[in-house]
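Enquirer: Taken in sequence, the protein lines are chains A, B and C. Residue numbers are given in UniProt numbering: position 72 of the first sequence equals residue 72, and the series is strictly consecutive. Residue numbers are given in UniProt numbering: position 27 of the second sequence equals residue 27, and the series is strictly consecutive. Residue numbers are given in UniProt numbering: position 62 of the third sequence equals residue 62, and the series is strictly consecutive.
Mixed in with the good hints, there may be bad ones.
[To be verified] Covered stretches of chain A, going by a simulated chain C footprint (3 or more residues, C-beta under 8 angstroms):
#: 1; region: 22-28
#: 2; region: 97-103
#: 3; region: 108-116
#: 4; region: 205-219
#: 5; region: 252-262
In short, the hints are calculated from the structure, not lab data. For each residue, glycine too, the CB sits at the ideal point set by N, CA and C.
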Amino acid sequence: MIGKTITSRKILLLAPLLLFLGLAYVVPFLGVVRWSFTMPEVGLGQYRALMTDPLVQSVFIRTLRICLIVTAAVLVTAYAIAYVWVRGSSVQRMLAEFCILVPFWISVLTRAFGWLAMLSNRGLINTWLQSAGVISEPLALARNELGVIIGMTHFLIPFAVFPIASAMRSIDERVLLAARGMGASRTRIFWTVFVPLTYGGLIGAALIVFVFALGFFVTPAILGGGRSVMVAELVYLRIFQSPDWGLGAAISVVLVLFIGALLALMRRFIKPAHLIG
Amino acid sequence: MPQSMQPGDAKAAEIKAVSIGKTFGAFHALKNLSLDIGRGEFLTLLGPSGSGKTTFLMILAGFTAPTTGRLVMDGKDITDVPAEDRSYGMVFQGYALFPHLTVEQNIAFPLKVRGRSSADVKRKVGEMVERVGLIGHEKKLPAKLSGGQQQRVALARALVFEPSVLLLDEPFSALDKNLREMMQQEVKRLHQETGTTFVFVTHDQSEALALSSRVAIFNHGELLQVGKPQDVYERPSNRFVAEFLGEINLLPLDTVELNGETAAGKFEDRTIVLNKSITLAGKKAVAAVRPEHMFISASPQTSDCNAITCRVEGATYFGASTKYHLRTRSGTSLAVSMPTASTSPIAPQSDVWVSWPVHQGFLLPDGG
Amino acid sequence: MNSSRPGPVILIVATAVALFLLMPLIAVIPVSFTPARFLSMPSGTLSLRHYQALIDNPAWGQSILLSLRIGILSSAIATALATMFGLGIWMFQPRFSALLIGFVLLPLVVPPVVSAMTLYFP
Numbered sequence: 001m002i003g004k005t006i007t008s009r010k011i012l013l014l015a016p017l018l019l020f021l022g023l024a025y026v027v028p029f030l031g032v033v034r035w036s037f038t039m040p041e042v043g044l045g046q047y048r049a050l051m052t053d054p055l056v057q058s059v060f061i062r063t064l065r066i067c068l069i070v071t072a073a074v075l076v077t078a079y080a081i082a083y084v085w086v087r088g089s090s091v092q093r094m095l096a097e098f099c100i101l102v103p104f105w106i107s108v109l110t111r112a113f114g115w116l117a118m119l120s121n122r123g124l125i126n127t128w129l130q131s132a133g134v135i136s137e138p139l140a141l142a143r144n145e146l147g148v149i150i151g152m153t154h155f156l157i158p159f160a161v162f163p164i165a166s167a168m169r170s171i172d173e174r175v176l177l178a179a180r181g182m183g184a185s186r187t188r189i190f191w192t193v194f195v196p197l198t199y200g201g202l203i204g205a206a207l208i209v210f211v212f213a214l215g216f217f218v219t220p221a222i223l224g225g226g227r228s229v230m231v232a233e234l235v236y237l238r239i240f241q242s243p244d245w246g247l248g249a250a251i252s253v254v255l256v257l258f259i260g261a262l263l264a265l266m267r268r269f270i271k272p273a274h275l276i277g
Numbered sequence: 001m002p003q004s005m006q007p008g009d010a011k012a013a014e015i016k017a018v019s020i021g022k023t024f025g026a027f028h029a030l031k032n033l034s035l036d037i038g039r040g041e042f043l044t045l046l047g048p049s050g051s052g053k054t055t056f057l058m059i060l061a062g063f064t065a066p067t068t069g070r071l072v073m074d075g076k077d078i079t080d081v082p083a084e085d086r087s088y089g090m091v092f093q094g095y096a097l098f099p100h101l102t103v104e105q106n107i108a109f110p111l112k113v114r115g116r117s118s119a120d121v122k123r124k125v126g127e128m129v130e131r132v133g134l135i136g137h138e139k140k141l142p143a144k145l146s147g148g149q150q151q152r153v154a155l156a157r158a159l160v161f162e163p164s165v166l167l168l169d170e171p172f173s174a175l176d177k178n179l180r181e182m183m184q185q186e187v188k189r190l191h192q193e194t195g196t197t198f199v200f201v202t203h204d205q206s207e208a209l210a211l212s213s214r215v216a217i218f219n220h221g222e223l224l225q226v227g228k229p230q231d232v233y234e235r236p237s238n239r240f241v242a243e244f245l246g247e248i249n250l251l252p253l254d255t256v257e258l259n260g261e262t263a264a265g266k267f268e269d270r271t272i273v274l275n276k277s278i279t280l281a282g283k284k285a286v287a288a289v290r291p292e293h294m295f296i297s298a299s300p301q302t303s304d305c306n307a308i309t310c311r312v313e314g315a316t317y318f319g320a321s322t323k324y325h326l327r328t329r330s331g332t333s334l335a336v337s338m339p340t341a342s343t344s345p346i347a348p349q350s351d352v353w354v355s356w357p358v359h360q361g362f363l364l365p366d367g368g
Numbered sequence: 001m002n003s004s005r006p007g008p009v010i011l012i013v014a015t016a017v018a019l020f021l022l023m024p025l026i027a028v029i030p031v032s033f034t035p036a037r038f039l040s041m042p043s044g045t046l047s048l049r050h051y052q053a054l055i056d057n058p059a060w061g062q063s064i065l066l067s068l069r070i071g072i073l074s075s076a077i078a079t080a081l082a083t084m085f086g087l088g089i090w091m092f093q094p095r096f097s098a099l100l101i102g103f104v105l106l107p108l109v110v111p112p113v114v115s116a117m118t119l120y121f122p
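With the rest of the complex left out, here is chain A:
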């Protein structure tokens, strides 16, 4: 029975990962969903709290604000370096690739501490500016929202570069030549032909960056210094510090639903193959 062996082989190859994720992810998440309705007592109390608690509200709003600013900053910076990576001379391409990949492989923790070393009151920037006599008091660069935005932008640039570069690579060189042949200036070609042809990559990149940013934990915790708490840190605080498991679970559920809805809405722009370039 050939059909039977193929089916059993198919199951043998596909099942382990699906089973693992099912047991290690889906089932426990359903447990989290249950918590959100049962802790401390059965009902919609946690969701009502979530809608009304001013602290939770302010954290949600701050998270959205930071994510939007970070997404915009990442798209612009990633576009510039992706352009050099794809269309630069061979030396420029090599340098760009180095600058994109090295941070990509280094842990989020190291990078956050690196920024703390740059931005804190006794960090590189403030030390230099003070010794140069430009400022007398250190600038507040870290332990606030600015620090969080800088750190997150830094972390997320490579994730945006890959889909953008992939879109740039798929542009037909002859289309650009054609525009030139018709008398269009380089600036005009860039804005009316090149950029529109990378919209797909830009939207994909924006989505990835925004979704990753929503769940950021380490960078805001280190660079925000407890003063600009984002939603992931709030979940952590509710669960591991002020045991309020029900509210933490409810926030998690809302976060996952929000991300799921966003991805479902934009699914035609997501190409998994472009994630790693």
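Here the structure of chain A is known, so what remains is to put chains B and C in place on it, guided by the hints.
Expert: Relative to chain A, chains B and C alone:
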């Protein structure tokens, strides 16, 4: 037809290429090429791939800078003028339409670049859409069009700003045979209507002969011959041109004598008389005759004709014509193409005479 | 035919981005030589005290070993599971492959803190 598009319009440019050379590293893509492109002519650059014809077109367009030599347009040196300032029309292989713009927006692009008023753009685009037969497709994206329609958009976009030169890089290579012939006629018509200078690149010899006012044949980065289609086909100056433009029979000749306009040599035991189109170094040469210029008969034709004896080895039926495969007594193989309607079938293995008029054969150097 | 080599504007922006990307990674190095106990730039004197601590304090060594062990084990398991799944999708092209791929990529978009909490679930 708008006034500005009359034939013989002053918009057509003439271009002189003087000693153009192009090297990529150690590779010589073009070697010392000089060529005059006349005002309003339809010049075809013909050659196999890698012959340098596309490199020359890219140099004309300004996308590639020549390593040596000058380009002169209407008396002005344009060698260092960038492509965007030459603004010739260009149709690329694969059309290179803007995939994010509609048919209308594609055609409007070069006009907008030139800062034309929106009323002007609208009028010109409308005219062009009508001229290339795309009415009803204005709002479509290129991906929604057939190959032939995309081709029309590319032509419209390249001609809408009335360029003085239109460059076409293998524009028909992606089309099937019927559509190809239709678009060839379309391009020929547009050439007559606009009066613009057309420079066309192809590797298809029949396309080159059918469309052009002159053909320039390239091989290994060299320009081998330029001339009217009839001239290059019937009086090729060397063996490569003779063979590239179509099938040809080559008969090795002994003791060639040149007498003024004609040449005579020995093939087997017959004297062959030919046009003298080349100067000859030695006594050896080749007689070249196109298959369709020869005919088969039971007895030799003598009045102004050469004739040799052959044995019929087979025949291939092509509908309008039939091609016979023959072999001479000394073993040289020959092909003779005759209209099917005017001949009765010839039996294989029969011995026949193959004849051709004196003025249809020509002399080529031996081995070259 | 380099029709769109980066122009000056984009090169300047890209250089700034490249410096931005490398800066914090370079900044970590001098900080590790600070004589102070807190995170700061070494001013005047360099010190290897933090590297000394790395060797002297057995807690650091143990945690590095633990990190390595967990890293190797989890990457081995993840690679094995993902390879089998990838092979399965490639060989059999099951009817809902897009759906299955979407499902296995879900952990990528679920915020890590939610994953952590999920795994905390007894």
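Enquirer: None of the hints should be skipped; say for each whether it holds.
Expert: Results for each hint:
1. For a cut-off of 8 angstroms, the count of residues in the region 22-28 of chain A with a CB near a CB of chain C stands at 3, and the three-residue condition holds.
2. With 4 residues carrying a beta carbon less than 8 angstroms from a beta carbon of chain C, the region 97-103 of chain A meets the three-residue requirement, and the given coverage holds.
3. Check result for the region 108-116 of chain A against chain C: holds, 6 residues qualifying (beta carbon to beta carbon below 8 angstroms, three or more required).
4. Residue count for the region 205-219 of chain A with a Cβ under 8 angstroms from a Cβ of chain C: 6. That meets the three needed, and the coverage hint holds.
5. For the region 252-262 of chain A, the assignment as covered by chain C holds, since 4 residues bring a beta-carbon within under 8 angstroms of that chain's beta-carbons and 3 suffice.
Figure legend: structure checked against the earlier numbered hints; every hint is met.
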